[in-house]
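So the protein lines, in turn, are chains A and B. As numbered in our numbering, residues 1 to 517 make up the first sequence, in order. As numbered in our numbering, residues 1 to 149 make up the second sequence, in order.
Hints are supplied without guarantee of correctness; some may be wrong.
Said to hold, decoys possible - Cβ pair distances, simulated, as ranges:
(1) A/SER305 x B/SER115: 22 to 32 angstroms
(2) B/SER103 x A/ARG349: 25 to 35 angstroms
(3) B/GLU101 x A/LYS475: 48 to 58 angstroms
(4) B/GLU14 x A/LEU332: 39 to 49 angstroms
(5) A/GLU376 x B/SER115: 26 to 36 angstroms
(6) B/GLY48 x A/ARG369: 43 to 53 angstroms
(7) B/GLY74 x A/PRO313: 37 to 47 angstroms
(8) B/VAL56 x A/ASP309: 33 to 43 angstroms
(9) B/SER115 x A/ALA286: 54 to 64 angstroms
For the record, the hints were derived by calculation from the structure and aren't laboratory data. C-beta atoms are modelled at their ideal positions from N, C-alpha and C, and glycine is treated no differently.
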Amino acid sequence: MVADSKQEPEPSAKPPSHAGASRNPTGAGRLAADMLEGISDGFYALDENWRFTYINRRGEEILQSLRTTAGGLLGKYYWDEFPHARGNVIEENYRRAVRDRVTVTFEAYIASRKQWLDVRAYPFDHGLLVYFRDNTRRIESSHVGQMLAAVVESSDDAIISMGLNTIVSTWNRGAQRTFGYTAEEVIGKSITILIPKHHENEEPEILRRLLSGERVDHYETVRQRKDGVLIDVSLTVSPVYNSAGEIVAVSKISRDITDRKRAEKELREAQEQLRRHAGILEAQVAERTARLRETIQELEAFSYSVSHDMRSPLRAMHGYADALLEEYSAQLDATGQDYLKRIRRAASRMDLLIQDVLAYSRVSKGEIRLEKVNVEAIIHDVINTYPNLRDRGDVSIASPLPAVVGHEAYLTQIISNLLSNAIKFVEPNVRPRVEIRGIKEGNMVRLTFEDNGVGIAPEHQEQVFQIFGRVYSDKKFEGTGIGLAIVKKAAERMGGWVSVESTPGKGSRFHVFLKQG
Amino acid sequence: MTTNGSILLVEDNEDDIFFMKRALKAAGIRNLLHTVEDGQQALDYLAGRGEFGDRVAYPVPSIIFLDLKLPMKGGLDVLAWIREQPDLENIVVVVLTSSNEPSDLKEAYRLGANSYVVKPPTAGQLIELAKAFKWYWLEFNEFDSQAAH
Chain A
1 MVADSKQEPE
11 PSAKPPSHAG
21 ASRNPTGAGR
31 LAADMLEGIS
41 DGFYALDENW
51 RFTYINRRGE
61 EILQSLRTTA
71 GGLLGKYYWD
81 EFPHARGNVI
91 EENYRRAVRD
101 RVTVTFEAYI
111 ASRKQWLDVR
121 AYPFDHGLLV
131 YFRDNTRRIE
141 SSHVGQMLAA
151 VVESSDDAII
161 SMGLNTIVST
171 WNRGAQRTFG
181 YTAEEVIGKS
191 ITILIPKHHE
201 NEEPEILRRL
211 LSGERVDHYE
221 TVRQRKDGVL
231 IDVSLTVSPV
241 YNSAGEIVAV
251 SKISRDITDR
261 KRAEKELREA
271 QEQLRRHAGI
281 LEAQVAERTA
291 RLRETIQELE
301 AFSYSVSHDM
311 RSPLRAMHGY
321 ADALLEEYSA
331 QLDATGQDYL
341 KRIRRAASRM
351 DLLIQDVLAY
361 SRVSKGEIRL
371 EKVNVEAIIH
381 DVINTYPNLR
391 DRGDVSIASP
401 LPAVVGHEAY
411 LTQIISNLLS
421 NAIKFVEPNV
431 RPRVEIRGIK
441 EGNMVRLTFE
451 DNGVGIAPEH
461 QEQVFQIFGR
471 VYSDKKFEGT
481 GIGLAIVKKA
491 AERMGGWVSV
501 ESTPGKGSRF
511 HVFLKQG
Chain B
1 MTTNGSILLV
11 EDNEDDIFFM
21 KRALKAAGIR
31 NLLHTVEDGQ
41 QALDYLAGRG
51 EFGDRVAYPV
61 PSIIFLDLKL
71 PMKGGLDVLA
81 WIREQPDLEN
91 IVVVVLTSSN
101 EPSDLKEAYR
111 LGANSYVVKP
121 PTAGQLIELA
131 KAFKWYWLEF
141 NEFDSQAAH
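Go ahead and model the full structure; you've got the sequences and the hints to work with.
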């Protein structure tokens, strides 16, 4: 409860001279009573026993809201009727007034009703005359005002108010901290002392915007402190209206954003440095990539031409071995002829190997364009080109196969390698069978080559796709060990991949994933 | 109609020359065979320069087996030159090379080769090739007999 007690030596208002008067006075008493009835404040009189001897209508009204009992107050014991008055500022003041014969003035807050009463009490005839009014609104607004004033004062931001003539009228502690001027130095002067050179026309501009109804919110600019130092600030400017809705003053909140601005600048510089470094790195990477690419191209060209040129001496070896066998068989015994046959076989094997290496390198290098390809047509082409595929095995196609995009030569390579593998890797006396199916999966097509061959054990399923990743010896199944590596590489260059499902003894399913056409 | 036109073999690899001669013989091709071992010699022969001016000893061939990888001048250059000579335009040029580069194949046909054959890896296959060649080109294929010789 907030109360403000003041002591006054002499009351200025004279209460009526008759205490204990009822509502039926005579003459001057009646005049006085009429007056009391007419005023807008409450008035009552208490005798030496604290009983009501008089109360005016207004008083009854005001006090009615505080009462829990009904009926007239005359003759009633004050402290019974208003138990809330006990033990607080009211009782304290009333007893003092009576005891010390002094006038008391105080504010009483009735918590239960959230009401503020302005009270003045005069000792009279061993009793008390009380004059009071409900001042909730005034007192509250003044308390709110005090609270706001406290907020403004304690704020770190500079809160300044000024008239439309730019003369400063209030200056909080935050303003002093921000700008260096004390309130005394600044109040009554124009706000323009804060405005540095080159920013002079900001103030009229801000005022103009305000007067046209705009708010000025987080306006970033520069101001000057008392010591001349320039600081970055963020301004929020609001109009102050009078009760007629006219702008009569301006309230400015200035926040010192020097630190923030510095942090922003440092961040920007750090980002710039980062960008520069990233740029340098990128350039380095690009250069290295270019050089790497060059090197790879050179290696590819080298390995290609070397492989290519190796075929020539192989032809010679094979050819001379043949010539010997044909023209000198009479001079050669079985062993001699056998040696020559081995030379021939070795030369053939090497030639096959070179061809596969060349095929692999053809599939690895160069830019390729993907286009729609007819898989079924390619399969038929392959079978026709290598008749032993058809002669030695059965190939069936689950027609129609979904359309794919790819590279015709690569796809040919894949199909011929997979089919020739299927035909080759079977148990003796088993007729190889391959079924080719296709199905759309997501945005890819999965082509499956299912065979009845010897199968691949799980621990070998990864290495079969590697160059020279042979599982079987050459004795069991002839081969270079590159075929599936070519299949994998070719599929990947077309944006797809390969996988295998297989059980030894139960055949294999090779899956080739390609882009949908 | 079996042609008696001579054959010019343009090949630098002596082993390949050996096997080719053997294969032609095994296939029963008895046409006159001359061999030159580089591109420049091929041009000289066809132009009749130097010793090749003797057209009795060195007749203009009806068929040329042309390797691509040659010293002095490459096979494709020779081919390009041949096709520019109006009096040589009827010669059958078979590119017989170890290269199966698609670009070589494309270029050879573009320049006017009649055929492109990749040298078979074994001598046996070369003989088969020679036999097939004889059968198709020498026995059935018609040559323009009015072409200058």
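Hint numbers not upheld by this structure, sorted from lowest to highest: Violated hints: 3, 4, 7 and 9; rest satisfied.
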